[in-house]
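Put together the whole structure using the sequences plus the hints.
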Amino acid sequence: MSKSTGAPALRDCEAPIEAGPELLWRQVHPNFTHANGVSAEAFVGTPGDRDQVSVARSSTVSAASAYAHHTDALSLASAGTWAISVNEVSETGSRAIDDMACDDVDTPGHAYVDMRAQTKKERKLTRARLASAATLRGCQHPPTSQ
Amino acid sequence: MATIARVTVSPEIFRPLRLHGGRFETPEGGIAGFPVEAIAELARYERLLVKVARELWITEHRGRQRAPKGFDESLRLRLTAIEEGSVQPAFAVAPTRSDQLFDPDNWLDRAQDSIAEALSAVVSREPLPSAFPVAATSSLVSFGSSFAVDEQCVVSSKRRPEVIYSQQERRHLLQLTAPDDVKFDGSLVGRISALDADRRSFEFADRSGRRASGTFEQHGMFDELKRYMEREPNATIVRLACRYSTDNAGRLSKIEDVDDVEPVVATADPLAPELRRLLELSDGWHDGAGMGPTLMSVEWVRDFAAALDASELPELMVFPTLAGGVLVELQRRGTRWSVEVEPGGELFVAIVPADGNPEIVEAESVDDVINRLRALPA
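Residue numbers (our numbering), protein chains in the order written: chain R, 1 to 146; chain V, 1 to 378.
These are calculated hints, taken from the structure and not from any lab test.
Don't take every hint at face value.
[As the list claims (entries may be wrong)] Partial list, derived from the structure: chain R residues whose beta carbon lies under 10 Å from chain V:
# : residue
1 : 11
2 : 46
3 : 77
4 : 87
5 : 90
6 : 92
7 : 97
8 : 100
9 : 133
[Unchecked claim] Label-pair distances were calculated between CB atoms; the ranges are:
#  : chain 1 : residue 1 : chain 2 : residue 2 : range
10 : V       : 82        : R       : 74        : 50 to 56 Å
11 : V       : 29        : R       : 108       : 50 to 56 Å
12 : R       : 108       : V       : 33        : 34 to 40 Å
[Unchecked claim] Computed from the model, here is a short list of chain R residues facing chain V with C-beta under 7 Å:
#  : residue
13 : 36
14 : 41
15 : 47
16 : 116
17 : 128
18 : 132
Glycine included, each C-beta is placed from N, C-alpha and C at the ideal position.
And the structure:
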């Protein structure tokens, strides 16, 4: 197992989100939901950015509009919008980063959970913790998804 | 090893191949050695070597239609040892008469150089060298037909750099040489959907749902296949040990004979619908990303579910992972329990309590995992 290497430097257009109760919306693929909850695997990033997990800030967009953007504008599959808080992210040892100001970002309210400084085992544990928190909170949109 | 040739004169030891990955790796704490089911590759390699040597001899002796009597026999190989460095078979030439010299004109080395040059061209996506004997092409194509996707063969020769050859490279060779039909000797996972005793034929759908016709030579195989022929979508998913063909795109086209059949997920297995769903995921299932779960990870979950009580099953959630493994999770009274079975079978177990510190649990077996699951608050 590789060791933690410290948090990578952020780009000028990125900023850490202060710890707090703000919710972060996560779109979850249909293969990662179940009647009993959501999978830890729902908190794996896209290929190439496995350790940077896209979310959208609830202070900027609603759960419904985040879902609509993902499925309609991006034409990607989602079984619904699930939520974790910035505090819950911080408790795992990862961090929430706002990158809405970056030129290569076109998703409204976009942010990401940054797990790059964590080891493989730490990342797996972080994902389980985030899935636990999201499952306890339940699916946020559509209301009938769970 | 059961049979090692007795030679009275020390022969030159010949180490043309080194095998890596998949079946050739020794599991941690496991027993080193050569997997018996892969011995067929050594026989294919010997056939290739002898064929190339014979054709090179004929080319060099213009006007001769065939190699001299006993030429092939003079180059036959004996496996004398399996050496370390992944798996490296060591061969000696096996003379058929006591007065016979060991390959006095170095046809073996020349054939090995020719094979290495041909495989190097394949790896570089170039046409086969013009000096490579056309008559040996089918033997070249046969070599490696049982390699799994995670297995590689390093081919060495005296005058050329090493070449790393794999099923992926072989597929390019097949495109060069046999545009319509690619043959494999391996296993397939899927469902049996029809069976005809008179024609000794059957219909099969693989994990991707692709359908193909198959035949079998042994009459007794009919009863074996019939045991697993059920109505879809709940049919037993089986593994066939068989010889089969695919088209150039790697899609199953036909099954030529079946050696064995065994169930992977039977209709009555606990969690059978979830396991079937996992096996039906093809690469790219997650918006173009995501590997289909490996058989090893799905079989682990099958064995795990079989060891649980029926009352423990409804709470379980089973998910694929993007890397080709499986996650089994449960959340009870705020405590989450999560087991990831990685594609190669390694386990990662985490417990996230409703209150208190999350924990990574060391577990190596189904029993270890079940014990930790049963220790959770009811």
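Going down the list of hints, with the structure as the test:
| no. | hint | result |
| --- | --- | --- |
| 1 | 11 | violated, 24 Å |
| 2 | 46 | holds, 7 Å |
| 3 | 77 | holds, 6 Å |
| 4 | 87 | violated, 15 Å |
| 5 | 90 | violated, 14 Å |
| 6 | 92 | holds, 9 Å |
| 7 | 97 | violated, 21 Å |
| 8 | 100 | violated, 22 Å |
| 9 | 133 | holds, 9 Å |
| 10 | V:82 <-> R:74: 50 to 56 Å | holds, 53 Å |
| 11 | V:29 <-> R:108: 50 to 56 Å | holds, 53 Å |
| 12 | R:108 <-> V:33: 34 to 40 Å | violated, 59 Å |
| 13 | 36 | holds, 5 Å |
| 14 | 41 | holds, 5 Å |
| 15 | 47 | holds, 5 Å |
| 16 | 116 | violated, 17 Å |
| 17 | 128 | holds, 4 Å |
| 18 | 132 | holds, 4 Å |
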